[in-house]
Structure formats: C-alpha cells, structure tokens
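Student: Chain by chain, the residues:
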Amino acid sequence: MSLFNTLIPSFTRGTETASAPTQTVRPAYDVKQTPEAYHVTAYLPGVAKDGLEVTAEGTEIRIAGRRAWQQPEGWTPLYRETAGTAYELTLTHDNAIDADKISAELTDGVLRVTLPKAEAVKPRKIAVN
Amino acid sequence: MRIVRYSYPSYRNLSPVTGAFNRAPWSGLENEIDRLFQSVVTDASPRFPVDLYEDKANAYVRAELPGINRADIGVELAEGELTITAARKTPATEGQAEETFNYRRVLTVPEDVQADQISAAYENGVLTVTLPKRAETQPKKITVAVK
Chain B
22 MSLFNTLIPS FTRGTETASA PTQTVRPAYD VKQTPEAYHV TAYLPGVAKD
72 GLEVTAEGTE IRIAGRRAWQ QPEGWTPLYR ETAGTAYELT LTHDNAIDAD
122 KISAELTDGV LRVTLPKAEA VKPRKIAVN
Chain V
72 MRIVRYSYPS YRNLSPVTGA FNRAPWSGLE NEIDRLFQSV VTDASPRFPV
122 DLYEDKANAY VRAELPGINR ADIGVELAEG ELTITAARKT PATEGQAEET
172 FNYRRVLTVP EDVQADQISA AYENGVLTVT LPKRAETQPK KITVAVK
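Top to bottom, those sequences are chains B and V.
Numbering-wise, our numbering puts 136 at position 115 of the first sequence, and it's gapless, one number per residue.
Numbering-wise, our numbering puts 112 at position 41 of the second sequence, and it's gapless, one number per residue.
None of these hints come from the bench; they were simulated from the model.
We put the beta carbon where it would ideally sit given N, CA and C, even for glycine.
A few of these clues could be false.
Beta-carbon label-pair distances, calculated as ranges [said to hold, decoys possible]: (1) V:175 <-> B:89: 22 to 30 Å; (2) B:97 <-> V:150: 21 to 29 Å; (3) V:173 <-> B:91: 30 to 38 Å.
Model the full assembly from the supplied sequences, consistent with the hints where possible.
Tutor: Set out below in structure tokens:
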C-alpha cells in the first residue's frame, strides 16, 4: 500500500484534507451602497461579541462567528431546524475601500459592517471654467 | 414594494466540501423548484427557524429572530397553541420610508404546560421561551425505605 501511495500521492492527500475542514454555514447577508460607503448586513443569530471575528486582509473581508449558546446538560432536543454550526462569510472587493476606517457593530445577532470608500473613488464634482 | 426577509441558510449554501459532492446532481434544481412553490404557497408569513428542547422541569422553544426590537416580539399562548410574532423594522433611509416585515409562527405545545408560568428571553438574536411543566407530570423520585 505504501508503494501505491508513493506512486500516486494524491490518494493520501485526498483523505487528509477531507477530514480537516470544520463545517461552516454562509449566513444570510446583504450589501448596500451609498456614495460614501458600502454597508454589509449579516444575520448571525446566536453569535455574541466575543465569538465574532471580522478580518480585512488584502481584497477580502472575512466574517467568522461561532454561536455563544451551548445545549445545556439535561436538555433533550425534540425537534430542530437550526444546525448550530459556525458562520463564515468571505467577501471580496476591488480594494477601493479605506481599510483603516472599517467599522463593525453587532446588535441582537445582526452585524453591520461599514466599508468606507477610498477617497480616490468617491464621486466628486468638477468645476467647469 | 421591497420585501426584506431573513431566510435561514440552508444546505444549499453549506461549504462546498459537504455541499457539492455528497448530493444528487439534480438536488439543486429540485430545491429551487421546491423553493419556488413554497414562496407561492406560504409567501404571506415566512417562517423563522425554531428548535424545541425539553428537560425534566421545562419545555423550551428557541427561535432565531436576529435584529428585532424586544418591543416588537410577541409571545402568546391560547388553547394549547403558542404564537410567536415579530416585526422587523427597516429604518427609513434617503428616498425610502420605514418598512416593516412581519413574522408569525404557531406551534402546538403539550397540554401539561403551566400557562401562567411561561417566560421568554431574547439574547443575541435568539428568543428562548421557557414553558414549565405541571408538577404532577414531572418525574418523581420516591425513596422507599426497606425494612
């Protein structure tokens, strides 16, 4: 078997990567645009402030949130519609935003991220002589 | 009119590792057709996801309702049916008036619930309703002395 694996290494690699990733779900979200900024609203029910991570790197905005609530001891689930999995959302942009001024706010399971547009791409009026 | 609804992320948009490979090739199309018919049939009151739990003393209902003011959530119990109502208000912005979107869901609860002892809490966008069971239906532990 080891000879086989050395000949075709992709077989072993396939099983390693299959077990590694943890399951995440893409939250419901919407993006709105104003002349000043982009507003991302992500619905993350069950996520508290300390379980939330918003990272901006290069042209990617990554939102990762895990649910704060754990099923207490002695509770028996009778019927479930939610999955209890962590949320993950990665959005790409064209780098025309001001990364230093990104702000985020989490209230009652709704995350609002404001991505201000870079000065260079904001609409400006040109005076005609 | 613009409808702002919160749809629960389904298995269709799970991460590609589980989503793309472990399902039948036509399931995506089937889901879309199901969704289309569902949207026609039940468009009036979209459902929000609900979980039911139970322990020895209480039954619990957990409903995911992100971003709703506590004043706009209603919990009612009448004739063995628990009704949860919620209104999502989108604040007025330039060129758009305030919009309200109503959610409503009716659940049948067991008969042994103490209707006057129900409590509800809203935290992180999840509503938890606690329904205490009547004392006589709770499991009792009787210690019998052996002579």
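Student: Using the beta carbons of residue 175 of chain V and residue 89 of chain B, state whether their distance is inside 22 to 30 Å or not.
Tutor: At 27 Å between Cβs, range holds.
Student: Could you say whether the range 30 to 38 Å given as a hint is met by the Cβ separation of residue 173 of chain V and residue 91 of chain B?
Tutor: 31 Å, holds
Student: Given a hinted range of 21 to 29 Å, is it respected by the beta-carbon distance of residue 97 of chain B and residue 150 of chain V?
Tutor: 26 Å, holds
The earlier numbered hints are all upheld by this structure, with none contradicted.
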